[in-house]
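Spelled out, the chains give:
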Amino acid sequence: MKFTATQIATLLNGEIVGDKSITVYKLSKIEEGEEGSISFLSNSKYTKYIYNTKASIVIVNNKFVAEKNISATLIKVEDAYQAFTQLLSYYDQVKADRTGIEEPCFISKSAKIGDKHYIGAFAYIGENVKIGENVKIYPQVYIGDNTTIGNNTTLFSGTKVYSESIIGDDCILHANVVIGSDGFGFAPTNNGDFKKTPQTGNAIIGDRVEIGAGSTVDRATLGSTKIGNGVKLDNHIQVAHNVEIGENTVIAAQTGIAGSTKIGKNCMIGGQVAIAGHIIIPDNVKIGAKAGVAASPKKEGVILQGSPAIEMRNFYRSSAVFKMLPDLKRQIDTLTKKLNQIQNDEAEND
Amino acid sequence: MKFTATQIATLLNGEIVGDKSITVYKLSKIEEGEEGSISFLSNSKYTKYIYNTKASIVIVNNKFVAEKNISATLIKVEDAYQAFTQLLSYYDQVKADRTGIEEPCFISKSAKIGDKHYIGAFAYIGENVKIGENVKIYPQVYIGDNTTIGNNTTLFSGTKVYSESIIGDDCILHANVVIGSDGFGFAPTNNGDFKKTPQTGNAIIGDRVEIGAGSTVDRATLGSTKIGNGVKLDNHIQVAHNVEIGENTVIAAQTGIAGSTKIGKNCMIGGQVAIAGHIIIPDNVKIGAKAGVAASPKKEGVILQGSPAIEMRNFYRSSAVFKMLPDLKRQIDTLTKKLNQIQNDEAEND
Amino acid sequence: MKFTATQIATLLNGEIVGDKSITVYKLSKIEEGEEGSISFLSNSKYTKYIYNTKASIVIVNNKFVAEKNISATLIKVEDAYQAFTQLLSYYDQVKADRTGIEEPCFISKSAKIGDKHYIGAFAYIGENVKIGENVKIYPQVYIGDNTTIGNNTTLFSGTKVYSESIIGDDCILHANVVIGSDGFGFAPTNNGDFKKTPQTGNAIIGDRVEIGAGSTVDRATLGSTKIGNGVKLDNHIQVAHNVEIGENTVIAAQTGIAGSTKIGKNCMIGGQVAIAGHIIIPDNVKIGAKAGVAASPKKEGVILQGSPAIEMRNFYRSSAVFKMLPDLKRQIDTLTKKLNQIQNDEAEND
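Residue numbers (the working numbering), protein chains in the order written: chain X, 5 to 354; chain U, 5 to 354; chain A, 5 to 354.
Hints are supplied without guarantee of correctness; some may be wrong.
When chains are identical, the list treats them as one kind, so a pair holds in a single copy or across two.
[As the list claims (entries may be wrong)] In silico DSS-like cross-links for lysine-lysine, where the CA-CA straight-line distance does not exceed 30 Å:
| hint | residue 1 | residue 2 |
| --- | --- | --- |
| 1 | K72 | K49 |
| 2 | K134 | K58 |
| 3 | K199 | K269 |
| 4 | K269 | K327 |
Quick caveat, the hints were computed from the structure, so don't treat them as lab data.
Isolated chain X (complex conformation) (with noise of 0.2 Å):
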């Protein structure tokens, strides 16, 4: 997608100060600028960069006077940084705004699909699946019987959800995430082996959920595992079955939730962090990355770091000590010979 600066000030009702004609087809920091990308100067910290950088096009306040000469074309605006963020979202909106159906796909024909789809090559949609308007589900998606899918909804490719699955409207899953794969249960036999928990539950995911690239979320064994409105999981997530997070909770990358555990709403959890099963995180918690929290916190709002974790001063005070064992041990071996000492002197004095 190219752009001239004429259309990029009509958009931002911006005014021109250059050539007209010159067209731009990325964005980029003022200071990586590069010929064919737009820039922003706002903070006039890095004013000292437009006078060379190689950016096709920058945005500047209305307020901006040049020094020197500047080789970029100006568009000036009211607010430069406010109007790059509108241009942010002008330039996702333009990239995503994709429709029809690409051949060949596999779309079943009990399925129904809403108005203004796009279906990428190489989808699958199976037996009964409902998908509501202005969804795009990229390449190579599987969509299992059953599913239901929201209006507005993107599915990146390599997508899988697995069959009975419920997805809300305004969600994005990015590729190569698993929704509805089978939980981990199995009970042991006598014979030492493990026979297989039927999981006949399904996964849930409600409204305005982005999940990153390959992160999983496990069906329920029976019942729902439910992912709320609002939340965030980032990339490589583990959502056991039968666990349930609450609205606007934010997940970071790697992390690990064990089956049954319910997570609050508008909790913060950083990466890597392990969630032990059958446990209950109240609203607000906030966790810290590499966490182990193996017991359910009893207030809402605690802040926890650690494995497994405590509040996260206390953790960072005894790390801050962890540090001094070797000197601390040396300590108390002189303090028990002085002692000694002491005691066995004492003993003579006697």
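The hints should help you fit chains U and A onto chain X, whose structure is shown.
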């Protein structure tokens, strides 16, 4: 799939009280019953729920006597819990019961495929592949050249099997599993960069193995990476080149096993565990979640925790003290001061 | 692929002792030799295995003199170890030597693809994609619009490359790798939920980069996420938006690098490491498995371990004391009691 009360009662050898023609299409817990779901009542703790459950059918013990009106249709059986378990297995079996070939798919002329197969659309089957009977290859699966797959094995959508792999009977590989990818082997050169060590071995998966979504099993540099019979791997697990895992060992999500390590039989390994390369884990060892095992445990059946891992009991004892470290440091400082004081006093007294 | 003893002897410039027409199709260790495999004997520690190996062919040094009967055919060369290494590379090369286009695949009309390509079935190549010579695109790969891929690069099955990505020459991306997915960026709103920050940058992968199965590299918010030349990433690795990784840095499986962090050249990073966002790792730093790095190390070449990470030597010293903490606590309690006793005694004596 919809079933009538009559169909289910016949299957479970039960007696219907209520509407014989009512239909259900999913299973639920009694406290979460919905129209169209079937539930069960076995534990008397849950009896209260039967009087207002919205489940269409509830399976109950023969002995059950209602004390109030029940809107659900009842199916009376000898043992309601067992009957429900039977129903779960039946449901799972019916759901998986698909056969035939969906078009388009890619099947090499030299591939041999047993009877009663399901080959989904966009599946790829390479040269000289041998596939047993009753195998299900879901859409968008990739099976590289010279691979062998046993009977009754299911490969869910997006699973990628590199060439020369061997997969046994009765296995389940979930969505986006990768088998037989190159091991991580590089030799440093004199230039400071690295030269790839060819990975010419393969990966062998035994019988009755289940592998969770997104897990990876690398091929061996030479010889085979081996997953024993009855092994169960959860999601996002990494098994590096030349690793061997003994029979019936169970490993939870996001655990990684580095190259050439041998894990014994009947081990139980938690989530997010890291096991270093070139070590040996004896049979029946248990490893707690998030442990880091850097040395071979000496005895069978030990229980490990922490990183570096030590016996779990000792780890928790030390962790309890870890929390007190700032206090202990203060105590040591006080002791040192007091002792110095005493020694000074003594010196003065002398 | 089958090879006769004659073919192999010609390739290795060796001399055959035994059956010249015997064929092999795989490589094996001498102690694990099977019919149809070729092995080698170099280290005299393994000489005992040659007398009963089941390998069909064994490569030996010219100097080797058999003391008993050997059933395998021998190929005598100057340096058996080197000859076998040569064979490994040859095998790898032959295996990868496929060209042509398999149908059906999806190639946009605006895409440009160099000579000697392999495009597998169900692969998807978007608008304005530019692909160099001798590139292998395995089945079910997705390449988004405006992406550029260099010469001699291989993308294994299921790899997903988002739009605007740039991948260099001589790269290998293993199955289900994701390049250029959206970074994890959200701004809190006044309602307690989050608004997506558009991710309009891209991901740039240098030359000679290998990326393991299932790993993900997010695109930048603005600008580029950059993986330097010669970098090797193992499986399940997460590289967040705007991260930069310097040349020839090697990272083991399941490690995660948070947003905007810059990693130097020639670093070696273990498995399951977490590196916080917005920090700088200097060149030649080594980080042990499972470490959590939350602050920028000050010097090049340091070796870190633990979480929070400290110098490895110090970490292991402190860990040794960690095991003794319950004992140390008891010692401190005893010291405190004794000292109180002494002070009481003194008080009485005064």
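Against the structure, the hints:
1. K72 / K49: within (16 Å within a copy, 76 Å between copies)
2. K134 / K58: Classified as between; 24 Å across copies, 49 Å inside a copy.
3. K199 / K269: Close across copies (16 Å), not inside one copy (35 Å); limit 30 Å.
4. K269 / K327: between (36 Å within a copy, 28 Å between copies)
Violated hints for the displayed structure: none, as all numbered hints are satisfied.
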